[in-house]
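Student: This is what each chain is made of:
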Amino acid sequence: MSRQTARAGDPRKVNGELFTLTYGALVAQLLRDYEDDEEVNKQLEKMGYNIGVRLIEDFLARSNTSRCNDFRETSDIISRLGFKMYLGITPVISNWSPAGDEFSLLIENNPLSDFVELPEGHTALNYSNILCGVLKGALEMVQMDVDVWFVQDQLKGDNITEIRLKFIKRLDDAVPAGED
Amino acid sequence: MATVGKQSKTNNLDKSLAKGKPEVNVATFALLFSEIVQYCQNRVYTVPELQNKLAELGQHVGSHLLDVLFVREKGYKREIKLLNMLLFIKGNFWRTLFGKDADKLEQANDDDKTYYIIEKEPVVNKFISVPKDKGSLNCAAFTAGILEAVLNGTNFPAKVTVHWHKGTTFMIKFDESVIIRDKMVEGK
Chain U
5 MSRQTARAGD PRKVNGELFT LTYGALVAQL LRDYEDDEEV NKQLEKMGYN
55 IGVRLIEDFL ARSNTSRCND FRETSDIISR LGFKMYLGIT PVISNWSPAG
105 DEFSLLIENN PLSDFVELPE GHTALNYSNI LCGVLKGALE MVQMDVDVWF
155 VQDQLKGDNI TEIRLKFIKR LDDAVPAGED
Chain E
624 MATVGKQSKT NNLDKSLAKG KPEVNVATFA LLFSEIVQYC QNRVYTVPEL
674 QNKLAELGQH VGSHLLDVLF VREKGYKREI KLLNMLLFIK GNFWRTLFGK
724 DADKLEQAND DDKTYYIIEK EPVVNKFISV PKDKGSLNCA AFTAGILEAV
774 LNGTNFPAKV TVHWHKGTTF MIKFDESVII RDKMVEGK
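Sequence lines, in order, name chains U and E. Residue 16 in our numbering sits at position 12 of the first sequence, and the numbers go up by one each step. Residue 747 in our numbering sits at position 124 of the second sequence, and the numbers go up by one each step.
Same shape as in the complex, but just chain U:
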């Protein structure tokens, strides 16, 4: 990156409100286009997935992490490094399943949902569903197949926002076609 851009402000950062409102504009647009909460959830997850697939590269390049030994280590890195780096928050990890293949991320201040109040009649909408897609996409790129879904959302009156991750299986390294 060139030197001269470093004058005022940090060029690696963007105003949080601009980000939040931009996301809001997107969700509002999707709601207008699809007119169905479930469809919007799906669309958001798809976009998140696309983001996650690309984000992981940036993450690995900057965070200097190596392969995780177990899912607990993964959870720690997601929260302490991933969320911290890209959204500036550190979700609390809790509610581990006895088998250690499922956990929840608890988010107190979701930056995506600032300024937001869900209008009535959108009980099925997971406003921040893009996060599920991002997590799924990013983890898939490091050979982990996981299910990600919203359990609770402060926007719906819950006390906390909770995202649940479930480890399904390890993916085999897929070698791109035409390469040995």
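Simulated from the structure, these hints should not be mistaken for laboratory data. Careful: at least some of the hints might be erroneous.
Said to hold, decoys possible - Label-pair restraints from in silico Cβ distances: (1) U/42 <-> E/734: 47 to 53 Å; (2) E/806 <-> U/96: 58 to 64 Å; (3) E/667 <-> U/50: 50 to 56 Å; (4) E/731 <-> U/66: 43 to 49 Å; (5) U/100 <-> E/645: 25 to 31 Å; (6) U/42 <-> E/811: 53 to 59 Å; (7) U/69 <-> E/697: 21 to 27 Å; (8) E/757 <-> U/85: 43 to 49 Å; (9) U/155 <-> E/788: 29 to 35 Å; (10) E/757 <-> U/81: 34 to 40 Å; (11) U/50 <-> E/810: 52 to 58 Å.
Each residue gets a CB set at the ideal place from its N, CA and C atoms; glycine is no exception.
Guided by the hints, dock chain E onto chain U, whose structure is given.
Tutor: Below, chain E without anything else, positioned relative to chain U:
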């Protein structure tokens, strides 16, 4: 009903506006914006349509930003003079949103309704390489939308368009009424 449980908990809309929000990583924003551009592109056929769509989204952002900005940056006062408004946009507004002043503010030589704000490299364009067959596409149309909404919201009705010129130039064409009113205000 979703709203019932809310009274006990602090409502999102009751939070103080004063402090502003922590910044987020530029990569997060860039990737989100890229998804937005792709989404819009899949729903339109031509470059101007795409730019319109982006501008619409920008307007949504701008109209919501307006109150926050004026509460925080201008101490609840509205701006009534055209020049001050333009300077506010070039300065405070740009700084809040993009971390720096806009590079240049100019007035058209032959037209007192037209002003230009010039930004060499807008954040939204930083990570976008325009495909060859869409040479005229400038995704800063999004920023133009934000600008337009802010100007309209502060009662300086204007059209803002985006052009590739010295980087990116936002051309602001004010409504005739704005200029007439401004002359009256100046005369007092």
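Student: Next, verify each hint and record whether it holds.
Tutor: So, going through the hints one by one against the coordinates:
| no. | hint | verdict |
| --- | --- | --- |
| 1 | U/42 <-> E/734: 47 to 53 Å | holds, 50 Å |
| 2 | E/806 <-> U/96: 58 to 64 Å | holds, 59 Å |
| 3 | E/667 <-> U/50: 50 to 56 Å | violated, 19 Å |
| 4 | E/731 <-> U/66: 43 to 49 Å | holds, 44 Å |
| 5 | U/100 <-> E/645: 25 to 31 Å | holds, 29 Å |
| 6 | U/42 <-> E/811: 53 to 59 Å | holds, 58 Å |
| 7 | U/69 <-> E/697: 21 to 27 Å | violated, 44 Å |
| 8 | E/757 <-> U/85: 43 to 49 Å | violated, 37 Å |
| 9 | U/155 <-> E/788: 29 to 35 Å | violated, 50 Å |
| 10 | E/757 <-> U/81: 34 to 40 Å | holds, 39 Å |
| 11 | U/50 <-> E/810: 52 to 58 Å | holds, 57 Å |
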